[in-house]
Amino acid sequence: MNCRTFSKSLKDYITEELSQEATEMMSRHINKCDKCKALYNSELKTYEFLQSMSKTSNSLFISSRSDIMSNIDKTKYNKTFTNKVHFFMKKNSFKYALGTAAAAALILTLSFSGGHFKDSKIAGFLPIKGGSTTVDKVKKVTPATNTTQPQNPIENKPQDKNQENAMPKKYEDIKYENKELGFSFLIPENWSGKYTIKQSAEGLYVYFKPVNAVSEGQGLLFAILNNSLVNANFYDTVGDPRTFEANGVKYIVGGPTDIGFPDDNKEYTNYKMLKNQVRDIVKTIKVIDNSIKYENKNLGFSFTIPASWSGKYAIKETADGIHVYFKPATPGNPDTQGNGFLFGIVKESTVNADHFDTVGQPRTFEANGVKYIVGGPTGVTFSDSDPEWGNFKNISNQVKDVVKTIKVISNNK
Amino acid sequence: MDDLALIKNILDGNINSFNVLIYKYESSIFRFILTMVKNPEDAKDLTQDVFITVYNKLYTIKGHNKFSSWIYQIARNKSLDYLRKNKQNIQLSIEEAWDVFSNDPLPEQCLELKETKEELESFIKHLDDTTRQILILKSLNEDLKFADIAEILNINTSTVKTKYYRLWDKYSSYKKEKECIAL
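Residue numbers (my numbering), protein chains in the order written: chain X, 719 to 1131; chain G, 193 to 375.
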């Protein structure tokens, strides 16, 4: 081992994160090399400082051991036969549930092939009654192959609810679309009536909706929230994507860090079933393209403006080209604020390029036989003490992305 | 007696072993929760809650699970739930919260320790939440590996390691800087 490798692995060595073989090599090197031994001693001292965190006294801590002991059921793990059977069954409940489900499916498949359910249009394809109460803009996405959708779900209601549940599942997805936030996702139809979506300033929360009400906040399945308004650590990863951007906002997709629903509630199994499908829903998240297309057939070019700019910009056209400005909601004093100029696309022959800073690519292009130059102000054109400074800055930062979208179009004149 | 042996005893009906488990972990769990919720009273309640949950769910723990990781995970989840439900009530700033630890009276003879503690406190005040939690977990439990901490905090092992080592380097530079000023 050389000194460089030693130094690279030193922290891992001190924290005991190395393999036994590597640890032995490191120890041997310390004994051979004085320089590395000194380095080891210095790093070890720092580590010990960091580790001394827990060595300091903690006067705020008063043990609650007796309270805890008095609040637990001391007979819970008594060695009685019934207790033993109970915990054995609970521990292996998943295996039993799987076995029971397999047996039920087998019995029903046999019954089905025996002609008990000749009307295959009925069972298994029905939406469960009582859809979500707060779902915003949901529509069903009917698979092309499914031609057996019943016209009237009430008339075609299955005779036996158990039969419905045990039939092979063939779901239609429910499309949830939120144009305001700029994204959509698909919800399996078996969720119908069992979920609720709440929109707040932070974004969307999707909850399990049990038949019997539970206290607020319980049953969270997943949430899509503005990353700058929440602490991502409070929401565990529930699938891919973990983050995405829509309408200029970075969203985080996450779920509860704990179970999220009381496991002794009789509807816990339903909650868990929905929770297991969250990953598939997250996969279907799509950003809705609300971007604004600016097209100037007269000058022969177009570009795309992000939806987040809506109502916050103005375009002025002159004989030489166009100028794009930031438009604050409350216009201030132009003398003290500047004019909010963002960028312009003008005939190259009409400007001094030195006074027209590069704002992105392309810097120049040709349309309708005219050479245009793309540029922006050489300084800041908006007051940083204005309450809308933040908006101006956000928009300014996106100018380069807008410039990238410039396209030459044919003149239809 | 190691944790798994204690758990086996509890599951065999020996309630005293649970007493031992509480004795072993209660202070560290309280401290970890306190760094998250920043309120000693609530941290105390949550700590009790953690142990009651641990007791009730003890039969679900499997042989390959590390008890220390499991109990810290429960503590973290309970703290996050608490923070989610009470986010509007948390007024305490990070600095104030950290000062909670600073109020501990130290014996006169522990001057060196006091110096270290003050030094660490002034340094730690400026850390982000995750790094602070990593530091606390690592210092509270020497047997917790980076992989265990990653599992508790639900982040990548490499993130934990990077943050901890970065903190280490930062602390070294901080100390050097202080030494230079002292000279």
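Calculated from the structure, these hints are not laboratory results.
Since we're looking at a predicted model, the values are computed, not measured.
Glycine included, every Cβ here is placed at the ideal spot set by N, Cα and C.
Certain hints may be false.
Claimed, not checked - Within a straight-line C-alpha distance of at most 25 Å, the following computed DSS-like cross-link-like pairs (lysine-lysine) qualify:
id: 1; chain 1: X; residue 1: Lys726; chain 2: G; residue 2: Lys362
id: 2; chain 1: X; residue 1: Lys916; chain 2: G; residue 2: Lys317
id: 3; chain 1: G; residue 1: Lys337; chain 2: X; residue 2: Lys729
id: 4; chain 1: G; residue 1: Lys249; chain 2: X; residue 2: Lys993
id: 5; chain 1: X; residue 1: Lys729; chain 2: G; residue 2: Lys317
id: 6; chain 1: X; residue 1: Lys990; chain 2: G; residue 2: Lys317
id: 7; chain 1: X; residue 1: Lys984; chain 2: G; residue 2: Lys249
id: 8; chain 1: G; residue 1: Lys337; chain 2: X; residue 2: Lys726
id: 9; chain 1: X; residue 1: Lys1122; chain 2: X; residue 2: Lys1034
Claimed, not checked - Going by beta-carbon spacing under 7 Å, a handful of chain G positions derived as facing chain X:
id: 10; residue: Ile207
id: 11; residue: Ser209
id: 12; residue: Val212
id: 13; residue: Tyr247
id: 14; residue: Arg276
id: 15; residue: Leu336
id: 16; residue: Glu343
How the hints compare with the structure:
The straight-line distance between the Cα atoms of Lys726 (chain X) and Lys362 (chain G) is roughly 16 Å, inside the 25 Å bound, and the hint therefore holds. Annotation: proposed proximity of Lys916 (chain X) to Lys317 (chain G) is violated, straight-line Cα distance about 36 Å (limit 25 Å). Only pairs whose Cα atoms come within 25 Å are accepted, and Lys337 (chain G) paired with Lys729 (chain X) is accepted, the gap being roughly 13 Å. The hinted pair formed by Lys249 (chain G) and Lys993 (chain X) meets the criterion: a straight-line CA distance of about 21 Å does not exceed 25 Å.
Pair hint Lys729 (chain X) plus Lys317 (chain G) holds up; C-alpha atoms about 23 Å apart against a cutoff of 25 Å. A threshold of 25 Å between alpha carbons decides the hint, and for Lys990 (chain X) with Lys317 (chain G) the separation of about 40 Å lies outside it, so the pair is violated. For the hint linking Lys984 (chain X) to Lys249 (chain G), the alpha-carbon distance of about 18 Å falls within 25 Å, and the restraint holds. Taking the CA atoms of Lys337 (chain G) and Lys726 (chain X), the gap is about 19 Å. The hint holds against a cut of 25 Å.
Taken as a hint, the Lys1122 (chain X) and Lys1034 (chain X) pair is honoured in the structure, with Cα atoms around 20 Å apart against an allowance of 25 Å. Evaluation of the Ile207 (chain G) hint against chain X yields a held restraint, the C-beta minimum of about 5 Å falling below 7 Å. A cut of 7 Å between beta carbons decides the hint on Ser209 (chain G): the least distance to chain X is about 10 Å, and the hint is violated. Given hint, Val212 (chain G) at the interface with chain X, is violated; its Cβ is 10 Å from that chain's nearest Cβ, farther than 7 Å.
Restraint check, Tyr247 (chain G) versus chain X: the minimum CB separation of about 5 Å is within 7 Å; hint holds. Checking Arg276 (chain G) against chain X: minimum C-beta separation of about 6 Å stays under 7 Å; hint holds. Hint status for Leu336 (chain G) relative to chain X: violated, with the closest Cβ pair at about 10 Å, above 7 Å. Checking Glu343 (chain G) against chain X by beta carbon gives a least distance of about 12 Å; that is not within 7 Å, so the hint is violated.
Hints 2, 6, 11, 12, 15 and 16, counting from the list given before, are not met by this structure.
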